[in-house]
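Residue numbers (the working numbering), protein chains in the order written: chain G, 1 to 74; chain E, 1 to 74; chain C, 1 to 74; chain F, 1 to 74; chain S, 1 to 74; chain X, 1 to 74; chain L, 1 to 74.
Simulated from the structure, these hints should not be mistaken for laboratory data. A couple of the hints might just be wrong.
As the list claims (entries may be wrong) - Listed below are the simulated EDC-like cross-link pairs for lysine to aspartate or glutamate, each with C-alpha atoms no more than 16 Å apart in a straight line:
(1) E:Lys-23 to G:Asp-66
(2) C:Lys-23 to F:Asp-66
(3) C:Lys-55 to F:Asp-8
(4) G:Lys-16 to G:Glu-51
(5) E:Lys-23 to C:Asp-66
(6) G:Lys-55 to E:Glu-51
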Amino acid sequence: MESSRPLDALNNARDKKVIIDLKNNRQIIGTLKAFDIHINTVLEDAEEHAEGELKRKLSTVFIRGDTIVLISIA
Amino acid sequence: MESSRPLDALNNARDKKVIIDLKNNRQIIGTLKAFDIHINTVLEDAEEHAEGELKRKLSTVFIRGDTIVLISIA
Amino acid sequence: MESSRPLDALNNARDKKVIIDLKNNRQIIGTLKAFDIHINTVLEDAEEHAEGELKRKLSTVFIRGDTIVLISIA
Amino acid sequence: MESSRPLDALNNARDKKVIIDLKNNRQIIGTLKAFDIHINTVLEDAEEHAEGELKRKLSTVFIRGDTIVLISIA
Amino acid sequence: MESSRPLDALNNARDKKVIIDLKNNRQIIGTLKAFDIHINTVLEDAEEHAEGELKRKLSTVFIRGDTIVLISIA
Amino acid sequence: MESSRPLDALNNARDKKVIIDLKNNRQIIGTLKAFDIHINTVLEDAEEHAEGELKRKLSTVFIRGDTIVLISIA
Amino acid sequence: MESSRPLDALNNARDKKVIIDLKNNRQIIGTLKAFDIHINTVLEDAEEHAEGELKRKLSTVFIRGDTIVLISIA
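Excised from the complex, chain G in its bound form (with noise of 0.2 Å):
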């Protein structure tokens, strides 16, 4: 992958499944559908994890982008 910006590596991760720890330390998992320049984020399919455990299903889930600390692409 080339990519010389932060945003274009989550912008290739568009309609694949990523993972985004939260600052709360919950997990949602799912489809990156869209963001924004503040990393809010939408994911589809989604599920929180909480200690490795599944915690919910989430469908269709708007993540404020403050509360990111990662977002791992697979």
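Got chain G; can you put chains E, C, F, S, X and L on it based on the hints?
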């Protein structure tokens, strides 16, 4: 759903039921009536839940965007 | 109520009783007199509550917006 | 009092005694001399209180706005 | 003192001894040499105190504004 | 190394291994591929470590800048 | 030293040894090579200390400005 920007997903959720997770571990469940670019939101027919339990009926509630972790769209 | 922007909901609540939840788990209950885009607000005839108990009568109180979780409109 | 903007309420409180609650649970009580749009404030003849007890006499004190929860106007 | 803006009070304190309370409960005491609109400040002949006890001599110290609670002007 | 601006140091580290310390006490170790002025960064061949122990292989990871404490350049 | 703006004091410290206190109670000690208006800084020949003890040698390190409490200039 086809949405390239995160706020499009919220726009699609207007007048629908959403679940908002707050940084203080509370959940506000209600009908999404309004939001802005700071993710300040207004819900109607809202309920506050904590640890899966109904805490309060809130009627119309204004939520400051910076306290929001995520918005789950049914 | 028909309001497309969150601040419209606050505008409709002017001169009415509101409950403001703060990040420090206190509640300020009073009559909404003023607010701005930072959600700095001014209440009159205000009371501070904590854990469901009246703590202080506050007369006129200026609340800094970034300490606010939500504003419940009766 | 008729004030449509929150800072008007602070303006009306100039040269009057105010109680400022800080995020660190301290209170600064004194005469409001100056403030700006960040709610940076200057009090004179100030006292710091904690848990209802006088901790320090502060003479002139500059308080950084982002540490303020609320300003109670007598 | 006649000052309508908070930074005027800091300006009057240049070259004078001030006490700066930090969010981490430390105090920096020294001679105010410089400050800016973010309340970044520089003190000389500075000392760090914690719980009323001298912890360190700091000579010249740059303090980042967002860690400051208040500046007490003697 | 001659660099007058902090981002020059990051620029010199492109395609090299870096260690990123996060505010949640995790470390992300990997090859620096991209960064921006918010210090949002993208690492490849990344590993997450906690308390000196490998926790996860992360492949490509986007790290939100405001969760970063420091970036150690080998 | 005559400096009317805080960043002048940092400018005078270029290529000199500084001690940077971080919000996570760590100290980074090294030679100041670069800084910007966010107080993002780059140190060389850096060491991380915690509770007065050397934890790591860091060579070149980029420190995000918002994690800095103060910079002590020898």
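Next item on the list: May I ask which of the numbered hints given earlier this structure violates, with the numbers listed in increasing order?
Entry: 3, 4
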